[in-house]
Amino acid sequence: MTLQFANVLVFLGVGALFIFVNLLIASLIRPSKYSEEKLIPYECGENPVGSPWIKFNIRFYVFALIFIIFDVEVAFLLPWAVVFKELGWIAFIEGLIFIAILVVGLAYVWAKGDLQWVRPEERYE
Amino acid sequence: MNLGNLDSLTFFYPELILLGGILLVVISDISLKGLRDRVNPLLTLAALLLALFYTLQTDHGSAMTLFEGMLALDNFALFFKAFMLVAGVLVLLGSLHSEELAAVHQGEFHALLLAVTLGMLLMANSAHLVMLYLSLELVSLTSYIMVGYLRSDRLSNEASMKYILFGAVSTGAMLYGFSLLYGMTGSLDLFAIRDALLAQEVVGFNQVTLMLVVVLTTAGFGFKTAAVPFHFWCPDVYTGAPTPVTAFLSVAPKAAGFAILVRFFLGGLSQPAGEQWGFISGIDWPLVLIVVSVLTMSLGNIAALTQNNLKRMLAYSSIAHAGYILMGAVLLTGTGLKAMLVYLFVYLFMNLGAFFVVTVIFNSEKTFELQDYNGMFRRSPFLAVAMSIFLLSLIGIPPFAGFLGKLYIFGAVIDQGLYWFAVVGALNAAVAAFYYMRIMKHMILENDDRPPTPLQISPLNRALLVLLLVPNILLIVFWSPIDRWTANSITLFGGL
Amino acid sequence: MNFLEMLALIPLFPAAGALINGLLGRRCSRACISTVACGTVGVSFLLSLGAFYQLLGRPEGQRLVEQELFTWIPAGAGELSSGAISQFLVQWGYQLDPLSAVMILVVTGVGFLIHIYSIGYMAHEGGYARFFTYMNLFMFSMLTLVLANNFVVMFVGWEGVGLCSYLLIGFYYERKSAADAGKKAFIVNRIGDFGFMLGMFLIFTAFGTLDFTGVFGLVETQAQAGVLASGDATITAICILLFVGAMGKSAQVPLYVWLPDAMEGPTPVSALIHAATMVTAGVYMVARCSALFVLSPDAMLLVAVVGAFTAIFAASIGLVQNDIKRVLAYSTVSQLGYMFLACGVGAFGAGVFHLMTHAFFKALLFLGAGSVIHALSGEQDMRRMGGLRTRIPATFWTMMVGTVAIAGFPPLAGFFSKDEILWRAFSSSQGHVLLWAVGVLAAGMTSFYMFRMIFLTFLGKSRMSREVDSHVHESPKVMTVPLGLLAVGAVVSGWVGIPHLIGQYLHHLPQYFEHFLSPALAHPAAVEGGHASEGLEWGLMALSVAIALLGLWLARRFYLTHPALPEHLVSRFKHTYTTLLNKYWVDEVYDLLIVNRTKDLANRLAGFDNRVVDGAVNGSAWLTRLTASVSGFFDYWIVDLAVRRSDLIYYLSFPLRRIQTGVIQTYAALTIGGILVIVGYFILT
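Chains as they are written, first to last, in the numbering used here: chain C, 275 to 399; chain U, 144 to 639; chain S, 46 to 730.
Derived by calculation from the structure, the hints in this document are not laboratory data. Check before you lean on any hint, since a few could be wrong.
List time: in silico DMTMM-like cross-link candidates among lysine to aspartate or glutamate, alpha-carbon distance up to 25 Å [to be verified]:
1. S:Lys522 with S:Glu170
2. C:Lys329 with U:Glu301
3. C:Lys386 with U:Asp180
4. U:Lys584 with S:Asp659
5. S:Lys644 with S:Asp225
6. U:Lys509 with U:Glu242
7. U:Lys509 with U:Glu251
8. C:Lys386 with U:Asp296
9. C:Lys359 with U:Glu512
10. U:Lys176 with C:Asp388
11. U:Lys509 with U:Asp591
12. S:Lys644 with S:Asp659
13. S:Lys644 with S:Glu633
14. C:Lys386 with U:Glu243
15. S:Lys228 with S:Asp632
16. U:Lys584 with U:Glu508
17. C:Lys329 with U:Asp296
18. U:Lys509 with U:Glu211
19. C:Lys386 with U:Glu251
20. U:Lys509 with U:Glu589
21. U:Lys584 with U:Glu512
22. C:Lys359 with U:Glu211
23. S:Lys221 with S:Asp632
Anything over 12 Å on all C-beta distances counts as not near chain U; from chain C, calculated [to be verified]:
24. Val295
25. Asn296
26. Leu302
27. Glu310
28. Glu311
29. Val323
30. Gly324
31. Pro326
32. Asn331
33. Ala355
34. Val356
35. Gly369
36. Tyr382
37. Trp384
38. Val392
For glycine and all other residues, C-beta sits at the position ideal for the given N, C-alpha and C.
Please work from the sequences and hints to get the whole structure.
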């Protein structure tokens, strides 16, 4: 039985080796001629401008979070929709409750002004 | 008896009430602009009290599981549910007149308090690894926000961030332990896991893996209970968080951690055998926990000795107390478990009391430093005496309630013949007396040159102090209801 | 309303009063304090009346109501002397039967009047709230004592009244004599309590329960089954131990010494605690345990002899005392002796009867004395009184009633109860003609010293200083009205127990009182009936009245008509007089034999403590300092040096505090490290 875990271990080992061995072989056989252009980080064919260590607007995260909530909602509602007809009214009510809870969340976010890109200052308390 | 989803709802009122409470508080927070500061605490209090009422009313006949084996409903769970709700009520009352929280908008605070309480109720009940993990995360996530509730306070933010990171590490370790367990037994249901372990029908059954499971899951529970070596977040977080939140964290999630610890180890990794539990051969988890317990209380007490910040000192003190409480859980006996429950119960009142005094003093003095407590006896004898009683109770000096807790714990340990363990506990209690007495010395004996100005305490805070004092003083006289209640509460689903 | 179900409220009301006055008293007006204190006791009195009335309404066999409030001490199993195992389980329970019904009526009734009286008496004193708090607390304890349905709850009340007595004797704690008297009362009572507790322990090991109904029921069945014979050694030991407790609380020889000193307390306290209620707790307890006592003739004999001796001993001291309250104090000791005499000869009913009548007239006399002291601005020495009859008439007449009652003149209360006791001492199978003779002699002395007090205080010429004289005033209504009510009680309270001998001529009036009490008391086998004729009973009755008259005549001759006579007698019997005046030097003897020896022992123990124990402590402290300085040296030169040298050792040397770096990465690393260490440990072992 332990052998099944041994497979995993071997897999891990081989995976790690694969990377390092390839890099090693590459460094052994490649010619090494540096130029300024070669040292620039690759970014979709564009030349990078400025430092990558810049501050993102925190509101990206808020939007991402809200998005994920409704994403998950859909994920939950899909199986519900599949068995909806078999379960009948109870499923319908349960679904409504589920959505209502999320609606409260949406209302909260809305009332707090988090659906606007520039949050109105007076909302800060 | 295992109930299906719809049948389970009848036994699920406390949780449903809390859920409704959360939604109502959120709705009132965004719709009642003028009234919300008055309505929200009332709504929260009402939800907690109603849930408490239903918890005490719950007559479940015998132990059973709800929601297709997700939750276990037994006397043990009911004890913890009542415990969490009482803690919630006390912390809510304590937070009402707190200057720290008065500076920020409190709408979310009340919703979060309800949410964390809901999470803890679920934690105390869970009988399924996924449920266990989800409820633990619900508690953790909400407490992260509560810790960082003072948005403009750097310490509070830092504490919250540390708490998140550390929590992630610990729960990660715990999840890894769970996954190993799942890999070996093929089940996430605690009782199915036990049956599989008992039947030795497991994949890769060997002691090392199982010990790894024990240690890794202990990381998760240890994080919640702040046991060494998973305690590192505790002093920093306790110092940074608003004091009512600190008081809450030091009692309720800790107790919830003990609840799932017992549920996991006794329900999942032991077999009931007559009056006692026996651990399944090859998994000597009590030994791990005894080591953790000894480390926890020793480190907590010794590190507290040199602290000068009251919140930090109480943080270490609460680490030490986790060590004592753990003593009861590792004995594998009903008396041990009962002792643990008694200790938790008295700990609720004495620790909340001590933290509450700190809150009250901060309200007018804006300080947590020990030397600013000098001359407190002349400024407010009531407060100084109340603090002394809480501290004496924490030391475990009769006739205060803390003595009862220590008595039960050490008695249960000695019953099992673990004399050295009891001696270690007693030595620790002696060390602890030193720093608790130090606080009393500063408050009562040391005076500074300033003329004493009376300290203002709001009537609500005064009433709450009295409310917290009463159990500390009277439990020793009326311990028989506690004795009966806890003796009743040690029945675990699938246990004794 | 069903008052029988509200038993618990009777003690609860005074407790609430004590709580309110104790917590808020300092902020309330005097009117408010006295309203709360008197109101709560008044409500208790009404409740007691209601309960008593409803108890009377029940058929005779069912006059026992028990009410258990909660389980107080479920301490688990205990091994009995028989080897059986019994659960030690104490309920906080109350019971009402005829005996406790009489007691609560006396306690709340007399207590209520004294509370009212105190409003006037304490009006100009400090510590008003404190006084009423203690008084209410006393009422609570006393009611708990008499209502208890088991020995443990009774003991709580027993200790509670002891505590209140201590607090109230030392009420004027700034006066050293008062503080000392309080301590003395407390310590002497402890000796008695010791006996009581041992008695309780013995009862539990013998019977496995401490409930009254349980113990007495077992005693009865075992006695009927022949398991317990009369004179059983265990029962005798229990009875004697319990009686030691009663001796302390009820001030019997040799533990009576605290009661005269207890007069340092305010006069209403003397009336309530040290005359009417608390000191009779011992009598109540003996009566309550009558089922045990009747099985032990030896213990009964001890009770009777101690009672008779106390009666005459204290009466003889009372003959020559000059302090008005001390006369009454010795009189109380003497009357308590009577009650024990009654119990000792098997007439428990008569003892309780005398307890009740005594409560009325002795409370009356004390309150009267208080009124006199009040009128004379604090003067207590009777040699500096006299001629007050016209100045304070209400006090005089009520006190006169009390005096006639205690001296035993028909038809006042004292006559019936005292005569009952004397007759039983004479006629009972456990009585003896000597016991009777002692009782009669003490009765004569009682009459003498009581009338001596009246004559010295109220009649004759005034011997007051001019300054005192000018201030003499009658007490306010709030004090004289309770006096009047108590005087009525002192007259009529005896009529509920008119003996058959007289009752047969008054439309066959039955002996209500003892008949009412009899279900609650045990009766020795051959008491009923007696062995003497009716003529003899009449004769003895006449004799005791004659003796009382003789006392009156002597007192009149000595202190009214021939004032020189006492001087003459004093010089003639100088030794006897000084012996009596100095109370037989009992206090001095106790000091010499017991108190000072105890102090010597304490000093020697203190010496041991100083030299050996402290020496060991100091020695270990020295050792600790030595090791501390060694470790400090090590710390400074080795650890600190290393710390300054190396970060690694820096982390290892002060791990506990320094480990908390505040850097979260370190924490995570340490946690994982901890996990690995634990896992590693288990893998290696």
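Please flag the earlier hints that this structure goes against, numbers listed from lowest up. 9, 18, 36 and 37
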